[in-house]
Amino acid sequence: MAIVYVDNKPYRMNPDENLLHGCLSQGFKLPYFCWHPALGSVGACRQCAVKQFKDEHDEHGKIVMSCLTPAKEGTRISIADPEVAAFRAGIIEGLMLNHPHDCPVCDEGGECHLQDMTVMAGHDYRRYEFEKRTFRNQNLGPLVNHEMNRCIQCYRCVRYYREYAGGNDLNAFASRDTVFFGRHEDGVLENEFSGNLVEICPTGVFTDKTLKHHYARKWDQQFAPSVCVHCGLGCNTDAGERYGSLRRIVNRYNHEVNGYFLCDRGRFGYEFVNSERRFRHPVLKGQPTSVASARHYLSEKVASGKVIGIGSPRASLESNFALRTLVGADQFYTGIGDAEARLVRQMIEILRRGPMPTPTLREIEECDAVFIMGEDLTNVAPRMALAVRQSVRQQPMEVAKKLNIPLWMDYGVRDAMQGAKGPLYIATPYATRLDDVATATFHAAPDDLARLGFAVAHALDSRAPAADNFPLAGEIARALKAAKKPLVISGTSWASEAVIQAAANVAMAVQAALSFTAPECNTVGATLIGGSPLSAAFQAVQNGRADTVIILENDLYRRAPAVEVDSFLKAAAHAIVLDHLANATTEKAELILPAGTFAESDGTFVSSEGRAQRFFQVFVPQNDVLESWRWLKPDHWQNLDDLLAAMYAALPELAEVRYAAPSAAFRIAGAKIPRSPHRESGRTSALVNINISEPKPPEDLDSPLSFSMEGTPDQPPAALIPFFWSPSWNSIQAVNTYQKEIGGPLRGGDAGVRILKPAAANGQSYFNAIPSPFQPREGEWLLLPIYHIFGSDELSCSAPGIAELVAKPHVAVNSGDFTENAEVEVSYAGGTFRLPVRIRPDLPRGVAGLSVGAPPLVGIALPAWGTIARPK
Amino acid sequence: MTATIEKPLTRNMPPDGTPLDLRSYEQAGGYQAIRKVLSGGMTPKGVTDEVKDANLRGRGGAGFQTGLKWSFVPLGKDVPNPTYLVVNADEMEPGTFKDRLLMERDPHQLIEGTIVAGFAIEADIAYIFLRGEYTLSAERLSRAIAEAYEGHYLGKNILGSGYSLELYLHLSGGRYMCGEETGLLNALEGKRANPRSKPPFPPVVGLFGKPTVVNNVETLCCVPHIINHGAAWFRGLGRTKDAGTKLFGASGKVKRPGLWELPMGTTVREILEEYAGGMRDGVKFRGLLPGGASTDFIVEEDLDTPMDFSAMEKVGSRMGTGTMIVLDDKTCPVGMTWNLTQFFAQESCGFCTPCWSGLGWAERILKSMEDGRGQPGDLDKLAFQAKMWNPGNTFCALAPGAAEPLQSALKHFHDDFERHISEHRCPWR
Amino acid sequence: MLTAEEINEIEAEAAHYPKRDALCIDALKIVQRHRGWVSDESLRDIAEHLGMSATDVDSVATFYNLIFRKPVGRHVIMVCDSVSCWIMGYERMRTHLRERLGIDHGETTPDNRFTLLPIVCLGCCDHAPAMMVDSDLHSDLDPQKIDTELERYK
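Chains as they are written, first to last, in our numbering: chain A, 1 to 872; chain W, 873 to 1301; chain L, 1302 to 1455.
If you are wondering where the hints come from, they were derived from the structure by calculation, not from laboratory data. Idealized CB from N, CA, C, for every residue including glycine. Careful, some of the hints might be misleading.
What the hints assert, rightly or not - Computed footprint of chain W on chain A; a stretch qualifies when at least three of its residues, placed anywhere within it, have a C-beta under 8 Å from a C-beta of chain W:
#1 35-46
#2 56-64
#3 94-101
#4 169-175
#5 400-413
Claimed, not checked - Only pairs whose alpha carbons sit at most 30 Å apart, straight line, appear in this in silico BS3-like list of lysine-lysine:
#6 A:K54 x W:K1070
#7 W:K1125 x L:K1371
#8 A:K485 x A:K401
#9 W:K1070 x L:K1371
#10 L:K1446 x W:K1063
#11 A:K484 x A:K62
#12 W:K1028 x W:K1070
#13 A:K9 x W:K1070
#14 A:K421 x W:K1063
#15 W:K1259 x A:K54
#16 A:K808 x A:K588
#17 W:K1186 x A:K54
#18 W:K1063 x A:K132
#19 A:K72 x W:K879
#20 A:K484 x W:K949
#21 W:K949 x W:K1125
#22 A:K588 x A:K306
#23 A:K421 x W:K1259
#24 A:K72 x W:K1259
#25 W:K1186 x A:K62
#26 A:K62 x W:K1070
#27 L:K1371 x W:K1239
#28 A:K54 x A:K9
#29 W:K1127 x W:K879
#30 W:K1259 x A:K132
#31 W:K1063 x L:K1371
Chain A with its partners taken away, still in its complex shape (with noise of 0.2 Å):
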C-alpha cells in the first residue's frame, strides 16, 4: 500500500490504482459519474477534481482529476481545498444546466447519483436562465425507459453497453450541448445485458420500464436479498416490494458471482410474481378451497401410504427436503428429465473428482484462453456469456503493461490494444452471441463437437484417447497451454454426455479450470439432495406401486414427452401439486397448494458453481400462498433453521450450507436487519381500508430479517444486505462504502458458499467414449434444441416485458430447399408441429433446431431423428 496524503493526513491506497478509488475506498465523500469500478477511468465529467501539490511547500497546487491520476506512494493532494471545491461545485452547476426540474417525477429520485453527487458537491442555486436543450426519446423496447432530457453526457451508458457488454446499437450522437445516446432508430435494445443501463446511468434517462408499470421510490420500498431463480448461476439480487406486489429486481452485489451485473432476463422476469394467473388459494378438484381442508386432504393421502413425491431444480433444498421427508427418501424422485439428471450427475461427479477447479464468474473474466465445448452462454448461462466476454481482454491487455499504462486509464488501454482479444474458442452447433468476440467458432452437431474436443485433449497430452484430425484442435490446444489460466466450459444443453466427458478430457490435460453450466436455478441442489429417476416415478404408478404424487414446483410436461405425462397424470388417483403459475400439470392436478415464489418464500438453491445461496422472504403474502416447504413439513419443524438442521443430518454432503447464511437467530447488537429503509413511509396507513389499527409488522421466525423500517442501522453481513444505502449515498454507488477496497469483495465476504470441492488427487483416467462422426441422413434431421434468452426459461416468459421479446416457436434449417416463414410439419418419435421456418446457415448440414422452451416445443427428448415437409 502506497501513503497518499489527504488534506495533510496520510492514508494507506492502492498503488496500482488511482487516487479516486484510494479516496472513496477510504470513506471520502469525493464525488465523481464517469468513473465505474468495473469501467475505469476516463476523465470526462471533471467531477472528481482534487488539488494535487509537489509537496509540503507548494502552497498554489494544481486541480487534476483524481481518477486520472495514479495513487503512487507520497502523493499529497486536498479534497477541502475552497478553490477546488468551488470547481467540482460548478461541474455540478455546469451539469443542471440543461437537466430539467424533473425530480418529483423522477423514477430515479431517491436513489439518484446526481442527486447524490448535487448535494454532496454543495452546489444549490440556479443562476441559468436561459432555455434547456430537450430531445425526442426512442422507444427502446419493454424493458428500459429513455428520457434524454435528464442526460447528463458522462458517457456511462455508451461505454458499458459497447465496450464492456459489446452491444452496437446504442452510440452517442451529435456533440456539444447537444449530444444524443440512443439507437439509430426506435428499437428494442438488442444486447442482453441492456438493464444494467438503469443502475449505470446516473440519472433518469435509462430506467426500468417495467418498474413504470408499479412505481414505488427506493425509500419506500421493502427488500430482502434473493438470489435469481432464471438459471443456474445463482446471481445475487435484491428483490423490492411494495403492499404486497414485487416491484423490482436490482443487483445485488457478489464479487465472486455476478459483480455489478445481471442479465435482462433476470433483472426482468421477476413479473411472473405478480402474474393473474398465480394461484392464490389451495384448489380442491377444480374449486377453491381453504387452507385447513387442503391440508387436511394433503395429510390423509399421504397417511394412506402409497405416495410418491417428485422434487423439482427450481424449487429450493429445503422445500425439496421437505417433500423428501414427507414421503420417505425412497419414495422421493428428482424432478429432472432423465437424460438431463444423468449428465448433471456426471458433472457434479467430475467437479468433485477434480482436481480441476471450478472458477467463480469472476475468475472466469481473468482466463486468457477459454475453450466453450457445447453451450450458447448467452441463452442458457447470460452472465456466465458476460463474464467470457471480458476474459478475451486478458492476454492483449499485456501490451498495455508492457507500455505502462495502468489498467484503469480505460481508454489508454484500449487504444493500445486496439481491440486485440484473447483466444477464445467456441464450438457449438449453431453461432452464438459471443461469436463476436471468438478467435474461432465451430459448428457441428454434439457427436462432432465432442469429438474436437477429445481431438484436442489428445493434443494436449497424448495418453488422452484421440479422435479424428481436427485442424482447429491443434490451434485450440496450443491456445490452452500457453494460457497462465486456461478454462474449459461446457453444458447439457445439447444432453451429450460425450460432450461434457470431452470438455472434462481437456481440462485435465493442460490442468486448465472448469466451469459447467446448469441450467436452473437449483439443479445443483435438487441433484444433491438425490432421489430416484423420473421415469421410475412414471413406473411406480404405472406399475401401481403408488397411486398419489406430490409434484413440487415442477410442470412435468417440461421433463418429459407429453404422451408419457399424460399417462402417468391419468394413472395417478390422486395429484397433488404445489406451484406458483397455472401451467400444464396444475390441469391435471386434484389438488393445488398456491406454492410461495422465490420472493415469498425462504431458501437456498446451489449454483452451476456449487455454490449454496440463500434467498428470503420479500413480503408475506396476504393470501394463502405460502413457501412449499412450510405446505410439507412436519409440525415439529417450527422454522428454517430446523428443517436445515435436520437436513445436514439427513445429508452430510449439505452439511456446509449451513454458512450460506446467518441463523435467524443472527442480530447486530441485538437488533434485527430491517427490510425497509428508515425513510419508508405508509406502512402503518397501507392496509387502513381495512383496518384502521395500526398493524403489528409481520414476524419473521425464518431470517435476522424484520418485515419492518426498524432495527439496526449498521451494515449487515453480505448474505442478509437486503439494499445499498449510506448516508450520502442513496443511489446503487452507495455499494461502494459496501466494500473494503471499491470493486472488491464486500467487507467481511461475499455472500454464498462453495460446498463442491475437487479432490486434490491427481492421475484421473481420461473418458474414452468417444462417438462416431455425425452421419445426416437423407430426408431426416437431427433436431436439436436453439435457446434463447427470452422464451428458453419458464417463469420469466410470464413477466409481460418479457413476453413481449419472446420468439414464436419456430424450427430453423441451413437450407435453400425452405424459404422463410414458411409453415412447415416437424414430426419425430413423440409428435408433430406445425412451426414457421427460419433460414440458418450457421446450422450444419443435416442438423435442425428447434426454438425450445414456450408450449408446444417442451418436454421433447432432444435430440431426436425428425422429417421436416411441406405440409399437405
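Model the placement of chains W and L on the given structure of chain A, informed by the hints.
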C-alpha cells in the same frame, strides 16, 4: 547563398498564385534535403538532433519543441510497427490562413518536410490530415503526391536508400477538434473526434495504437531548409531566442490584410503598421488577438512586444498561429467576444463538462447582452466560467483556448461590457 | 445499395488503413458526394458495406459538420461566420442572402437550387467575408459579388 535566404518558406512561390510543380520545385533546389538525409550521411537520430539544435518549435499554436517530440518515438527493429507521421493540415483556428498558402502554393515543400520527418522517426506511413473545406489544397496536394511517387520520393525504397514511406491524403469530415492532436488521431481512425487523455502520449500509443508524431504543416515546411542550411542558420533567422521565420498575418479592418513571412520575433507593431498598413481610414485600433481566436487580446501598450513564443506570454497572451485578428473601434468588442465564444461552443466535442456546458452558457449570456438583455451578475458568471476552463480543468485545450479571448476581453473592455448591461443595448448597433 | 462506383472509391481508400472501420468518414463523404446528402438508407448501406452497425456509423456521421444527414439542394452555400468574416461584414452577407434567396441557415430554396449553411473559418481571413458554394471558395464578398457568383450555380 545561405546568408541571403531570408524567406525560405515563400521565396519560391510564383507570384501568380500557381503552385510549384515537381520540376520547378526541384529546379528551385527542392528534394535536396531528402537526398542529403537518405544518402547515408545522416541517421534518424542525427536528423532529430539537427532539428532540436535548430530550436524549431511547433507552428500549430502549441509551440512544442519539434525535435524533442520526435525523440520520444522509439527507434529500432523491435518497435511495434508501423510508426506513423501525421501532418496536421486541419487549419480551422478562426483568423488563421497560413497553412492554406503553403499547401496551395508549394505542396512539394510540405511533402519533402514530411519525408524528412518520417525518416527521423522511422515512420512507415504518413498521412496528411487535411480539412475538408480546403478543396484547392486537396487538389494540389493530390497532384503533388502523385508526382512525388513518380519521382521515387515516396513509396518503397526511396531513391534507392532502403527507406520506404507511404503518404496518404485524408480529407476531414469537418470539425475543429480534428485539429487537436489526439482528436485528429481519433478522426483518422474513423471515429468521433473526441480527444484522448495523455498519458499515454502519441509517440507511445498513437494512431491505431502505434508510435505516432503529429506535426503542423508550417513546422514541417521548415524542416528541409534546416537540413539544407543547418541549425545555426535557422536560429539566425529569428530576431529573438526563437528560431526561424514565421508566416505572420493580419485580418480585420486594416489597410492590407495579408500574410507575410518574417523573422520570428518581429514586433506586433511592425506587422500591424508596416506590413498590414495600419488601420483603415475612419477606424481606430482597439486591440487584437495575436495568433488566432484562442489567444488573449492585447492592446495599444503591448504592440511593441515581439511575436515569438515567450515574449507574448509575458504580456499575458500567446503567439498562437501568428495570424492576428484586429479589433477596431467601430466593431463591438462584446459582439466579437460573442462570435468567438459561439465558435468554441459550437465546436465543443461534448466530452467534458466545463466545456460543453460552460461554453454554451457563456455564449447565451453574451448573446443576451448583445440583444440588450444583459443582467448585473453576468460578468461574474462569465469570469467564473473562464476560470472553470483553466488548463487541466478540462479534457483538452479547446475550452482553455476559449477562456483566453473571453477573460482578456473582460479585462480590457470591461466598460464596454458594463455599458451593454446598464444601457440594455449594444451601443455599436 | 451502394453503386459500383461508390464501392470502388471506398475500397480505394481501404488500402490506407489497417482496419475496416477507419473507412467510416471517407465512406460517408464519398456517398454524400454522389448523392448530395446521407439518408438513413444510404447510411445503412454504408454500415453494411463496412461491417459496422448503423448506429455506429450514424454516431460518426452526426458528429461532423460536413456530413449532411438531411437533404440539401443542388448547391450548398456555406457562409463563414467566424470572427474575421464577422468583423468584415458576415451579417450583411447573411441578410443579403436571406433577402435574395428567401432562406436562412439550414433552409433550402423552394426550387431546390440552394441550401444555406453557416461554416467555421475558411482560412480566407485576409479576403473576408468569404463563402463556399459546393467546392468553390468565394472571397472579398459584397452583395453584388455574391449575386454574380451565385449566377454560376444552376
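Hints and how they fare:
With a threshold of 8 Å between beta carbons, the proposed coverage of the region 35-46 of chain A by chain W holds, since 5 of its residues qualify and at least three are required. Requiring three or more residues with a Cβ within less than 8 Å of a Cβ of chain W, the coverage given for the region 56-64 of chain A holds, as 3 such residues are present. With 4 residues having a beta carbon nearer than 8 Å to a beta carbon of chain W, the region 94-101 of chain A meets the requirement of three or more and the stated coverage holds. Counting residues of the region 169-175 of chain A whose CB lies closer than 8 Å to any CB of chain W gives 3, which reaches the minimum of 3, so the coverage claim holds.
A count of 5 residues in the region 400-413 of chain A with a Cβ less than 8 Å from any Cβ of chain W is obtained; the coverage claim is therefore met, three being the minimum. The hinted pair formed by K54 (chain A) and K1070 (chain W) meets the criterion: a straight-line CA distance of about 19 Å does not exceed 30 Å. Pair hint K1125 (chain W) plus K1371 (chain L) does not hold up; C-alpha atoms about 37 Å apart against a cutoff of 30 Å. Of the supplied pair hints, the one linking K485 (chain A) and K401 (chain A) holds, its CA atoms being roughly 17 Å apart against a limit of 30 Å.
Only pairs whose Cα atoms come within 30 Å are accepted, and K1070 (chain W) paired with K1371 (chain L) is rejected, the gap being roughly 36 Å. For the hint linking K1446 (chain L) to K1063 (chain W), the alpha-carbon distance of about 39 Å lies beyond 30 Å, and the restraint is violated. For the suggested pair K484 (chain A) and K62 (chain A), the alpha carbons sit about 42 Å apart, so the restraint of at most 30 Å is broken. With a CA separation close to 33 Å, the supplied pair K1028 (chain W) and K1070 (chain W) exceeds the 30 Å bound.
With a C-alpha separation of about 29 Å, the suggested pair K9 (chain A) and K1070 (chain W) falls inside the 30 Å cut-off, and the hint holds. Of the pairs offered as hints, the one joining K421 (chain A) and K1063 (chain W) holds, with about 20 Å between alpha carbons and a cut-off of 30 Å not exceeded. Restraint check: the Cα-Cα separation between K1259 (chain W) and K54 (chain A) comes to about 22 Å, which is no more than 30 Å; the hinted pair holds. Distance hint between K808 (chain A) and K588 (chain A) is fulfilled; the C-alpha atoms sit about 26 Å from each other, no more than 30 Å.
A C-alpha spacing of about 24 Å is found between K1186 (chain W) and K54 (chain A), which places the hinted pair at or below 30 Å, so the restraint holds. For the given pair, K1063 (chain W) sits about 28 Å from K132 (chain A) by alpha-carbon distance, which is consistent with the 30 Å threshold. A distance of roughly 50 Å separates the Cα atoms of K72 (chain A) and K879 (chain W); the hinted pair therefore is violated under the 30 Å criterion. For the suggested pair K484 (chain A) and K949 (chain W), the alpha carbons sit about 28 Å apart, so the restraint of at most 30 Å is met.
Of the supplied pair hints, the one linking K949 (chain W) and K1125 (chain W) is violated, its CA atoms being roughly 55 Å apart against a limit of 30 Å. At roughly 19 Å between alpha-carbon atoms, K588 (chain A) and K306 (chain A) fall within 30 Å of each other, so this suggested pair holds. At roughly 43 Å between alpha-carbon atoms, K421 (chain A) and K1259 (chain W) are farther apart than 30 Å, so this suggested pair is violated. Proposed proximity of K72 (chain A) and K1259 (chain W) is supported: the alpha carbons are some 28 Å apart, at most 30 Å.
With a C-alpha separation of about 21 Å, the suggested pair K1186 (chain W) and K62 (chain A) falls inside the 30 Å cut-off, and the hint holds. In summary, the hint linking K62 (chain A) to K1070 (chain W) is supported, as the alpha carbons are separated by about 16 Å, within the 30 Å threshold. Pair hint K1371 (chain L) plus K1239 (chain W) holds up; C-alpha atoms about 28 Å apart against a cutoff of 30 Å. At roughly 15 Å between alpha-carbon atoms, K54 (chain A) and K9 (chain A) fall within 30 Å of each other, so this suggested pair holds.
Using a Cα cut-off of 30 Å, the hinted pair K1127 (chain W) and K879 (chain W) holds, with the two alpha carbons roughly 23 Å apart. Distance restraint check for K1259 (chain W) and K132 (chain A): the Cα-Cα separation of roughly 23 Å lies within the 30 Å cut-off, and the hinted pair is therefore satisfied. In summary, the hint linking K1063 (chain W) to K1371 (chain L) is supported, as the alpha carbons are separated by about 21 Å, within the 30 Å threshold.
The earlier numbered hints that this structure contradicts are 7, 9, 10, 11, 12, 19, 21, 23.
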